[in-house]
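Protein chains: 2
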Amino acid sequence: MAATVNPVNHRHQPLSAAVNHRNRRRVTASFNEFTINDGDKRSIKSTRLAKLISNLLNLYIEKPSLKSLLQRNDCNAVAQAEAKLDLPTISPKGDISNMWREIHGGSDWENLLDPLHPDLRREVIKYGEFAQATYDAFDFDSFSEYCGSCLFNRRKLFGKLGLTKHGYDVSKYIYAMSQYEIPRWLEKSYVADTWSKDSNWMGYVAVSDDVESKRIGRRDIAVAWRGTVLPSEWYEDMQRDLEPLGYGEAMVERGFLSIYKSKRMTTRYNKTSASDQVMEEVKRLLKFYKEKGEQVSLTITGHSLGGALALLNAYEASLMFPTLPISVISFGAPRVGNIAFRDELHHKGVKALRVTIKQDLVPRMPGIVFNETLQKFDDLTGTLEWVYHHVGAELKLDVRASPFLKRGSNFIGIHHPETYLHLVDGYVSSNSTFRSDAKRDVALVNKYCDMLVNELRIPPCWYQLSNKGLVSNEFGRWVRPKRELEDIPSPIEEENLDL
Amino acid sequence: MAATVNPVNHRHQPLSAAVNHRNRRRVTASFNEFTINDGDKRSIKSTRLAKLISNLLNLYIEKPSLKSLLQRNDCNAVAQAEAKLDLPTISPKGDISNMWREIHGGSDWENLLDPLHPDLRREVIKYGEFAQATYDAFDFDSFSEYCGSCLFNRRKLFGKLGLTKHGYDVSKYIYAMSQYEIPRWLEKSYVADTWSKDSNWMGYVAVSDDVESKRIGRRDIAVAWRGTVLPSEWYEDMQRDLEPLGYGEAMVERGFLSIYKSKRMTTRYNKTSASDQVMEEVKRLLKFYKEKGEQVSLTITGHSLGGALALLNAYEASLMFPTLPISVISFGAPRVGNIAFRDELHHKGVKALRVTIKQDLVPRMPGIVFNETLQKFDDLTGTLEWVYHHVGAELKLDVRASPFLKRGSNFIGIHHPETYLHLVDGYVSSNSTFRSDAKRDVALVNKYCDMLVNELRIPPCWYQLSNKGLVSNEFGRWVRPKRELEDIPSPIEEENLDL
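Chains as they are written, first to last, in the UniProt record's numbering: chain A, 1 to 499; chain B, 1 to 499.
Excised from the complex, chain A in its bound form (with noise of 0.2 Å):
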């Protein structure tokens, strides 16, 4: 059945009556608080069904009924984590040298994911840890006058954060815009005169080290886009329109996009846009590691918002560098384009491994009512131009999996990119348990949020300045301190690292 369509807008598309009733029940089962009137409105607003998603993903529900896939694992969580307490939290790392075009994604992770190879799994840690650094390193202080800048220089930032262990240094720190009015993307300083009204710190470029680059088999630039641990606020603001790339029939989410793309010559910090400064950067790199002989490989990462950057990312460096290898690690990240972005990403080799979790949310927006019928509407007629539709592989995890975990439908903590590391830690296939030998630190999983079990007695949210970084003066007042001068955020080109 041909439909009259909206390349741009699919919001108002009538559902068909061809449309799976079953489907529509099935969301209708999930979201037992909201009724969706099946007979009286054959269009729904995407607006309103946003919204209640978004008022989901910020309610905390009563836990559904076990449907066990998975065996749970009886071992007692706190006498496993007591055992750990006096091991080191990380494995010896390996030599992938021989196999680390697989491991990166040069066959699609066949033969890899399910069970998950060690190395990979350390690799898919090393990397969600850069993008957790990107939430850990962010000033989210709105009384701050830097609020939406990185805490620390560059040259200090995984020293600060206990990363230096991964062995890569970072080059340059992106920033990011967005011309379209998305109020809540926007971390904003309350002060009047600060440092950037319209730009926030959004990642990062960093390059491995020497001894790394001989373990990994290759010179990798790792790119770590920032996301956001709230979806529900960016979700609402993202018109859930897709625009077109500029090449072919490739179409991806506006909202997205614009954050990628968007500059100002009246701005400090985006002039260029992040998309620029990023692809400059990569340009730098490759260009003098070329020169030296060496492979070069290029990884993005990103969680959530920051997934979805990173997709774009790597598709317009596999314009730009056809023969690099680029792959995509991403975190709890949305759908972000049409079939025939997807196609285009497939065709010119970019690989994409997607982490989720099965009861996570984002990984199913945007349209996750409109795209799961509209899919099995697709297989009916072929491709559908609008249609948001995932990229690459997938690494499917499950809260349930993990012994450590609450239970329940705790949406943020579900969404955190501690969690999916943890998972990760924990996975060794799709039908087994939580391995008895993971060894990453379990009380990370509450930094932010409260999915640990009680009995770890973990507090929830633990991950806090003393005195909210107050500190007390000669006379015993308490005050902000003042950002040291080396952290101070400047648009002025940072001279690069000296290679």
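Hint data in this document are derived by calculation from the structure and do not stem from the laboratory. Worth double-checking, as some hints may not be accurate.
If chains are identical, the list can't say which one is meant, so a pair holds when it fits in one copy or spans any two.
Using 20 Å as the maximum straight-line C-alpha spacing, the simulated PhoX-like pairs for lysine-lysine come out as follows [claimed, not checked]:
{"#": "1", "residue 1": "Lys84", "residue 2": "Lys482"}
{"#": "2", "residue 1": "Lys271", "residue 2": "Lys214"}
{"#": "3", "residue 1": "Lys396", "residue 2": "Lys358"}
{"#": "4", "residue 1": "Lys93", "residue 2": "Lys214"}
{"#": "5", "residue 1": "Lys160", "residue 2": "Lys468"}
{"#": "6", "residue 1": "Lys468", "residue 2": "Lys482"}
Note that the coordinates shown come from a computational prediction; the quantities given were computed from them, not determined experimentally.
Fit chain B to the supplied structure of chain A, relying on the hints for placement.
Structure of chain B alone, referenced to chain A:
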């Protein structure tokens, strides 16, 4: 109009037709979210009203229309705060030895409250900080095996909280339990095998050292009782039944009395009641100092529930030590007993100074409706045994007097002891604005709540430990540290302070 009265339980007393309807409508207008049916129901269930008020205490309600009884202080709060950054937080101490009895309330603080005498202000703040210490040092962490105890041993308490400046030494800790089930009053540890299942640390006894005693003209025994910062919790739990104190017609609220008096041989910390513990210590100290020929006073303080306990403590002390000058300095305390209770305290020469904030609801509890109306009723018909009544003189503060505080009905913040201390610090008289030479650190107001204007850029609820007390062990794992041995609570009678 004589009414048939149940002297114990006033809850179901029907409202007489003679009740002043104007009062009732005034209450309705104040809590305009809740309608009270005048006509239909003659008896209003106080439990439901209690619940409504309880909800109210947890609501942040949009700001009401301002009645400007006081001139707004137009000084820029930020400018004021910045000007004080390099100033000490307190003025030099004044010698009050020649007027200590008046400052202690010997003449009911006549001519000392409006305008507020500077030496009285300093003393009120001193006792207020003693009361605040009961919160700052309390282990609220339900995941801690010592939840409900004091964080520090008594020799360290004042040092840890920066209160040695007051020149007092803590001589004993007080523990309390309740025979009645008042679930939300008692802080309980999540851990099964814990320091105490029944008791909470409830306060302490302290004594002025030689230097301070000289300044204030006598040896002062200070008793500080811990209250609650979320009064709605115990307000619902308290039955609001009056119980006789055991002497005459004096009756007090049953829940307060239970905390003060309960004991059980099967407990670790309350084989003796809080009352027994305090009386024993006061008796011991009195004997010691009287033998040395010193003049001694007893000053009892507390915030909220602690203020109620302070009054019970004062009543008992007045019976046991008839010639001892006894004063109560309370902050945001509810009503405690009936008129007979008030009269007996008055008759025994106990002096009570109630520091209240006009917008704070707690001083109007219990019986927030009933009492207003019956008070009126009372005026017509004389003493009613079961009417809750306030005791003593009042220092009535107003949140609108301070340029540093947000406008609006933040009931939790308004009730907070740091808000009280802030307003006392700035108080001059009932028709003056906040004094410009007030020195107390304004930032302290936001330790536990969100009361300061945003312009000051002091984070709300800032008083917190780095990483909620977790520390990184040698393997980089985040763990809960053990308490130092000396800070572990022990029921064994601590050796007395070497006097």
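Check your understanding: Between the shortest in-copy and the shortest cross-copy C-alpha distance, which are at most 20 Å for lysine 271 and lysine 214: within, between, both, or neither?
Key -> neither (37 Å within a copy, 69 Å between copies)
Check your understanding: Taking 20 Å as the upper bound on the Cα-Cα distance, should lysine 93 and lysine 214 be classified as within, between, both, or neither?
Key -> Result: close within a single copy only, 12 Å intra versus 69 Å inter.
**Study point:** Up to 20 Å CA-CA - lysine 482 versus lysine 84, copy category
**Key:** Classified as between: cross-chain Cα gap 18 Å, same-chain 39 Å, threshold 20 Å.
Review point. Given a CA cutoff of 20 Å, do lysine 396 and lysine 358 count as a within-copy pair, a between-copy pair, both, or neither?
Key: within (6 Å within a copy, 58 Å between copies)
Point to revise | Copy assignment of lysine 160 with lysine 468, given that the CA separation must stay at most 20 Å | key: both (17 Å within a copy, 19 Å between copies)
Point to revise | Within, between, both or neither: lysine 468, lysine 482 at alpha-carbon 20 Å | key: Close inside one copy (14 Å), not across copies (23 Å); limit 20 Å.
Consistency with the previously given hints fails for number 2 only.
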